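Novice: So you can see what is in the structure, the chains are spelled out below.
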Amino acid sequence: MHQMKKFTSVSDVKNLQEIIKKALQIKENPHSETQKGKGKTIGLVFLNSSLRTRLSSQIAAQNLGLNVLTLNAAQEAWNLEFADGAIMNGDTVEHIKDAIEVLNQYCDIIAVRCFARMKSKEDDVNESILSQFEQHAKVPVVSLESATRHPLQSLADSMTITENWREDRKPKVVLTWAPHIKPISQAVGNSFTEWMQEMEVDFVIANPEGYDLDKKFTKDIKVIHNQDEALKDADFIYVKNWSSFDEYAAMPEVKENWMLTGEKLKTTNNGKVMHCLPVRRNVELSDEVMDGENSIIYQQAKNRIFSAQAVFSEILNEINA
Amino acid sequence: MHQMKKFTSVSDVKNLQEIIKKALQIKENPHSETQKGKGKTIGLVFLNSSLRTRLSSQIAAQNLGLNVLTLNAAQEAWNLEFADGAIMNGDTVEHIKDAIEVLNQYCDIIAVRCFARMKSKEDDVNESILSQFEQHAKVPVVSLESATRHPLQSLADSMTITENWREDRKPKVVLTWAPHIKPISQAVGNSFTEWMQEMEVDFVIANPEGYDLDKKFTKDIKVIHNQDEALKDADFIYVKNWSSFDEYAAMPEVKENWMLTGEKLKTTNNGKVMHCLPVRRNVELSDEVMDGENSIIYQQAKNRIFSAQAVFSEILNEINA
Amino acid sequence: MHQMKKFTSVSDVKNLQEIIKKALQIKENPHSETQKGKGKTIGLVFLNSSLRTRLSSQIAAQNLGLNVLTLNAAQEAWNLEFADGAIMNGDTVEHIKDAIEVLNQYCDIIAVRCFARMKSKEDDVNESILSQFEQHAKVPVVSLESATRHPLQSLADSMTITENWREDRKPKVVLTWAPHIKPISQAVGNSFTEWMQEMEVDFVIANPEGYDLDKKFTKDIKVIHNQDEALKDADFIYVKNWSSFDEYAAMPEVKENWMLTGEKLKTTNNGKVMHCLPVRRNVELSDEVMDGENSIIYQQAKNRIFSAQAVFSEILNEINA
Numbered sequence: 000m001h002q003m004k005k006f007t008s009v010s011d012v013k014n015l016q017e018i019i020k021k022a023l024q025i026k027e028n029p030h031s032e033t034q035k036g037k038g039k040t041i042g043l044v045f046l047n048s049s050l051r052t053r054l055s056s057q058i059a060a061q062n063l064g065l066n067v068l069t070l071n072a073a074q075e076a077w078n079l080e081f082a083d084g085a086i087m088n089g090d091t092v093e094h095i096k097d098a099i100e101v102l103n104q105y106c107d108i109i110a111v112r113c114f115a116r117m118k119s120k121e122d123d124v125n126e127s128i129l130s131q132f133e134q135h136a137k138v139p140v141v142s143l144e145s146a147t148r149h150p151l152q153s154l155a156d157s158m159t160i161t162e163n164w165r166e167d168r169k170p171k172v173v174l175t176w177a178p179h180i181k182p183i184s185q186a187v188g189n190s191f192t193e194w195m196q197e198m199e200v201d202f203v204i205a206n207p208e209g210y211d212l213d214k215k216f217t218k219d220i221k222v223i224h225n226q227d228e229a230l231k232d233a234d235f236i237y238v239k240n241w242s243s244f245d246e247y248a249a250m251p252e253v254k255e256n257w258m259l260t261g262e263k264l265k266t267t268n269n270g271k272v273m274h275c276l277p278v279r280r281n282v283e284l285s286d287e288v289m290d291g292e293n294s295i296i297y298q299q300a301k302n303r304i305f306s307a308q309a310v311f312s313e314i315l316n317e318i319n320a
Numbered sequence: 000m001h002q003m004k005k006f007t008s009v010s011d012v013k014n015l016q017e018i019i020k021k022a023l024q025i026k027e028n029p030h031s032e033t034q035k036g037k038g039k040t041i042g043l044v045f046l047n048s049s050l051r052t053r054l055s056s057q058i059a060a061q062n063l064g065l066n067v068l069t070l071n072a073a074q075e076a077w078n079l080e081f082a083d084g085a086i087m088n089g090d091t092v093e094h095i096k097d098a099i100e101v102l103n104q105y106c107d108i109i110a111v112r113c114f115a116r117m118k119s120k121e122d123d124v125n126e127s128i129l130s131q132f133e134q135h136a137k138v139p140v141v142s143l144e145s146a147t148r149h150p151l152q153s154l155a156d157s158m159t160i161t162e163n164w165r166e167d168r169k170p171k172v173v174l175t176w177a178p179h180i181k182p183i184s185q186a187v188g189n190s191f192t193e194w195m196q197e198m199e200v201d202f203v204i205a206n207p208e209g210y211d212l213d214k215k216f217t218k219d220i221k222v223i224h225n226q227d228e229a230l231k232d233a234d235f236i237y238v239k240n241w242s243s244f245d246e247y248a249a250m251p252e253v254k255e256n257w258m259l260t261g262e263k264l265k266t267t268n269n270g271k272v273m274h275c276l277p278v279r280r281n282v283e284l285s286d287e288v289m290d291g292e293n294s295i296i297y298q299q300a301k302n303r304i305f306s307a308q309a310v311f312s313e314i315l316n317e318i319n320a
Numbered sequence: 000m001h002q003m004k005k006f007t008s009v010s011d012v013k014n015l016q017e018i019i020k021k022a023l024q025i026k027e028n029p030h031s032e033t034q035k036g037k038g039k040t041i042g043l044v045f046l047n048s049s050l051r052t053r054l055s056s057q058i059a060a061q062n063l064g065l066n067v068l069t070l071n072a073a074q075e076a077w078n079l080e081f082a083d084g085a086i087m088n089g090d091t092v093e094h095i096k097d098a099i100e101v102l103n104q105y106c107d108i109i110a111v112r113c114f115a116r117m118k119s120k121e122d123d124v125n126e127s128i129l130s131q132f133e134q135h136a137k138v139p140v141v142s143l144e145s146a147t148r149h150p151l152q153s154l155a156d157s158m159t160i161t162e163n164w165r166e167d168r169k170p171k172v173v174l175t176w177a178p179h180i181k182p183i184s185q186a187v188g189n190s191f192t193e194w195m196q197e198m199e200v201d202f203v204i205a206n207p208e209g210y211d212l213d214k215k216f217t218k219d220i221k222v223i224h225n226q227d228e229a230l231k232d233a234d235f236i237y238v239k240n241w242s243s244f245d246e247y248a249a250m251p252e253v254k255e256n257w258m259l260t261g262e263k264l265k266t267t268n269n270g271k272v273m274h275c276l277p278v279r280r281n282v283e284l285s286d287e288v289m290d291g292e293n294s295i296i297y298q299q300a301k302n303r304i305f306s307a308q309a310v311f312s313e314i315l316n317e318i319n320a
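These protein sequence lines are chains D, E and F, in that order.
FYI, numbering that gives the first Met the number 0 numbers position 293 of the first sequence as 292, with every residue one higher than the one before it.
FYI, numbering that gives the first Met the number 0 numbers position 68 of the second sequence as 67, with every residue one higher than the one before it.
FYI, numbering that gives the first Met the number 0 numbers position 108 of the third sequence as 107, with every residue one higher than the one before it.
These are calculated hints, taken from the structure and not from any lab test.
The model shown is predicted, which means the values in this text are computed figures rather than measured ones.
Worth double-checking, as some hints may not be accurate.
Because identical chains share one entry, a pair is satisfied inside a single copy or across any pair of copies.
List time: in silico DSSO-like cross-link candidates among lysine-lysine, alpha-carbon distance up to 30 Å [what the hints assert, rightly or not]:
id, residue 1, residue 2
1, K118, K35
2, K5, K39
3, K181, K37
4, K301, K169
5, K20, K218
Okay, chain D solo, but in the shape it has when bound (with noise of 0.2 Å):
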């Protein structure tokens, strides 16, 4: 029985196979154990929006018997200090780190939604809040979507690309960076890099020029800076935007089209659309993709409950050994 201490990144997991196996169990059958988490609470904070990983994670500790208490940490509670020996006579009520002792006396499991906040590159890097959260818990601490990384999601996609996968062959997985019209984080960019080197794939990477990812995360990993020839005989398509890295939170001007058509999947292998959501439709992807029959995203979206489901359950056996 696989036991985990805590789970914000791949390293956490023992054996990815593993999880990705038990995960897919899961879905088979998410009800098979409604008592593990019986008398146990779970706390989910968020410090930033959510739509799927607020209720795929609520569902996931439901379907265990947890407790779930869910706090809009800005909103509900107090607006939070994150330096350390500050001096709190300004706009902050709290320090993170005695909500963090707090939620020690209070959960189980601790987890945390905390973006980067696109500010300082190095606070980002550093994962400023999530390293808080590693260094002041006391129980295990899930993150959903730090700074850096979004592992929970990066579970799930692997889970998809496994549903999806029936030849022996290794599949030619694409990341593509998409338009946008914001400085988005690359944490879903990372964090998919960082899984796809554990998994038995083909992982090319397209981006424009400017915008290639942390090398800790892409290490040897091939960074195309085209996409036409990134997406050739792709047989799955990870679409997904973010700033630049190097020139930190910068959007540097992109001459070439990067939206997702249904002219430019025709020149993959009938290759499988995916996304993290939310999308903006016809600025990252056209609807004729997002709506098409290569689309499997609502499917990614899905097994978000069972990624998490897989996590919450192996972090029990080690509450539990």
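Here the structure of chain D is known, so what remains is to put chains E and F in place on it, guided by the hints.
Specialist: Chains E and F only, in chain D's frame:
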């Protein structure tokens, strides 16, 4: 055993007397079906504020053993796009149809509150939001009030009239317009009108000139522009404001005072006073009426639990069939 | 078996030692009464922000098997009117008394947070909001902090002192004012003062001139305007800011530095430091004190679960009687 595929208007009810009877039985014994919704999930999606609907729907769902997910869509999730084919390069982050498709993956029943936006008559008349739920939802949809109707309210209203009428003759029921300070939708008025036509009552509508409801709802119901005349000998008086339908969302000047007062109540047949709440005291009706013994307004509010529970129960009959 | 009709101040507690004992027993075994609240509903109504109170009340209620409805009144429902007899032709949409009457229909227990609004001394002193709940609620009312008191906090504080005192003599307990940047209500200070008078402790209050609490609460308790003198040999130091009561909500200038520091702590009898949280670090007390081994602040926070659970349990005794 009755089944229901969806609940967005009176036309989704096969037998009105049967469902009123069922709701009254549930009121006697609200915990008789605590296992019926076991392992199933209802999503309560609020695009607008709610007190009674929010709480009564949660209680009803819990009484049936359903898991409840409550989502304040705008504040907790993402700003939604409603236009088909939109190029989403503005403020909207997620298309309503993608949100609905995700809810399809997560919920066994989707309940949604989507008020009239009062900006375009065409949009509101065509139920521009609810219709997207009806079109894209793959699970039963329940209206928690939409642009033109509030059927869970009307079912509770019908229950309340039934509970309060013991005589052999048909009661005289008057829906009377009341003053307000802002343009309010016609949903409650329309819906009550629609339901009263299915009930064994003598139904009359009183409103100032310029405030006639949509003919689609009023059909051949008598509309009187003189409140005193309408109130005479009324057994039930339903007080409700709405803005102009013809000159959409306008508030044509009204010379007479249409606020329901104790004085006016004396001209009725010791009539019971109804309102869906929230009510603007001393604008729509006087404190004296609100707090007087003829008010059955809080009883209406209580019946919201049982009207919701009856509907959810019939929908679960359909799902479990 | 003790019963409780409501819980808004220490005077609702028949036997303080008994309820502290009960709360400590619940802490040993929080899941000993999981069926007690079965089929019953508690409404947690928040007119103000909350972290600890929100989460601890939810956990306490869930431990007792209660259904929990949490309502952020202003954001999720309607803007409330508080004035009796108001002509509601302004910003307010629903009168508090109507909201309460509806909660009466939906809940077996109503718990409410209604801070001092700090605009009118008279309104706050008279508990203009809580008093409406006490007047109109037909089910037991629990204060989650009102204009002048925070009794669930004070019960948790009393538990915490009990847990941390093993000597035969009475401990010296000092409530010491602390600096802040905004006018804060006297509720926590008042309430702690009220409870300490019922405990076997030597109780002293220290605050700057101009900051004396309402005589109604302090009665003949010693109030010292010199912090150093008050702290001497203290066994427990409760740190808390409040604004002026006499010159209501003002913040008269304070020349000395009242922030609790490690240096000041040395003059106590190895005193335990308490605070209700949220705390402004390095304004009310120093990081050194907050993170030091004398702090029992997180233990106080944890005890909030058990103080709430003891109260809800006694109220359920009353309801089930």
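Novice: Look at each hint and say if it fits the structure.
Specialist: Outcome of the hint check:
For the homomeric pair K118 and K35, neither the shortest alpha-carbon distance inside one copy (41 Å) nor that between copies (50 Å) is at most 30 Å. When the C-alpha separation of K5 and K39 is checked against a cutoff of 30 Å, the pair qualifies both within a copy, at 16 Å, and between copies, at 29 Å. In this homomeric assembly, K181 and K37 never come within 30 Å of each other (Cα to Cα): the closest approach is 43 Å inside a single copy and 43 Å across copies. Taking the shortest Cα distances, K301 and K169 sit within 30 Å of each other inside one copy (24 Å), while across copies they are farther apart (52 Å).
For the identical chains of this complex, K20 and K218 are intra-copy neighbours only, at 27 Å inside a copy versus 59 Å across copies, given an alpha-carbon limit of 30 Å.
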